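Working from the sequences, and respecting the hints, build out all of it.
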Amino acid sequence: MPSQSIIQKIVNEAVAEVRPKSAPVIASPAPESKNEAYVVQTRKFTNQTESLSEKTKVAHQELLDGYVKALNEVSARLDSVSREDINPNSSDFRSLKIDEAYNINAAFLHGLYFENIGDMSSQVTTDSLTYMRLERDWGTFDSWQKDFIACALAARNGWAVTCYNTFLNRYINVVVDLHSGNVPFGCIPVIVMDCWEHAYYRDYLRDRKTYVFAMMKELKWLRIEERFEKAERISKVMK
1 MPSQSIIQKI VNEAVAEVRP KSAPVIASPA PESKNEAYVV QTRKFTNQTE
51 SLSEKTKVAH QELLDGYVKA LNEVSARLDS VSREDINPNS SDFRSLKIDE
101 AYNINAAFLH GLYFENIGDM SSQVTTDSLT YMRLERDWGT FDSWQKDFIA
151 CALAARNGWA VTCYNTFLNR YINVVVDLHS GNVPFGCIPV IVMDCWEHAY
201 YRDYLRDRKT YVFAMMKELK WLRIEERFEK AERISKVMK
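Each residue of the sequence shown is one higher than the one before, counting from 1 in my numbering.
Hints listed in this document are in silico derivations from the structure and should not be mistaken for laboratory results.
Predicted model, so just to flag it, every value in this text is computed and none were measured.
From the three backbone atoms N, C-alpha and C, an ideal C-beta is built for every residue, glycine too.
Pair by pair, the computed Cβ-Cβ distance ranges are:
(1) Leu-205 x Met-238: 39 to 45 Å
(2) Lys-55 x Asn-89: 39 to 45 Å
(3) Arg-206 x Gly-66: 21 to 27 Å
(4) Arg-206 x Arg-94: 33 to 39 Å
(5) Lys-69 x Asp-142: 38 to 44 Å
(6) Gly-66 x Arg-156: 17 to 23 Å
(7) Gly-181 x Glu-232: 25 to 31 Å
(8) Glu-84 x Thr-126: 56 to 62 Å
(9) Ala-150 x Asp-203: 20 to 26 Å
Calculated pairs, DSSO-like style, for lysine-lysine (alpha carbon to alpha carbon, straight line, at most 30 Å):
(10) Lys-44 x Lys-230
(11) Lys-230 x Lys-217
(12) Lys-230 x Lys-146
(13) Lys-69 x Lys-57
(14) Lys-220 x Lys-55
(15) Lys-220 x Lys-44
Put into structure tokens, the structure is as follows:
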């Protein structure tokens, strides 16, 4: 394949902006608040793909907006919820922490997915960091691709994710159920595929395989390359 230089420096644009702790929150904190809440701002995505209908794209953006709104509400409530009398059976603190993890993953996975699809001239080059790392850790690029597609078809309303694992010091593919099930610790996502039924049912009915193949043909490899570069920098710090 022809060589292709990376023309953009790595920037952290993923999904949403996290505002400082001192920023105002959606819900007014109680007097005992520690002012530790964060606020996430939704990004608006313009996807040029013709493999998804406009109605599906609009519905996806609305989902992202909803998850961000929910996350901000949870963040605000965590700012003042009681840390006393906590138990594993029933407590407001426990419920909010579970909701926090669910909505963080939902918001940022959707954004990462929107960012890495929609390139109508999609092409990965053999001299790119992405290609070389996938080939290194799976033997061949095709082996990574087959394994990633298998993850996408195996997810139970969830996600397929290629990520760098800081414990294994290599890239792995992960099957995520819902937004927060089966997520290994130490993973930095670099390629994300939405495998919830809402992602494809309007356009593909139950044919998830055709949807996954269509999205794989439109992966934004330049954006993915930036993620690999970032993961590599983090990996050097972690070692």
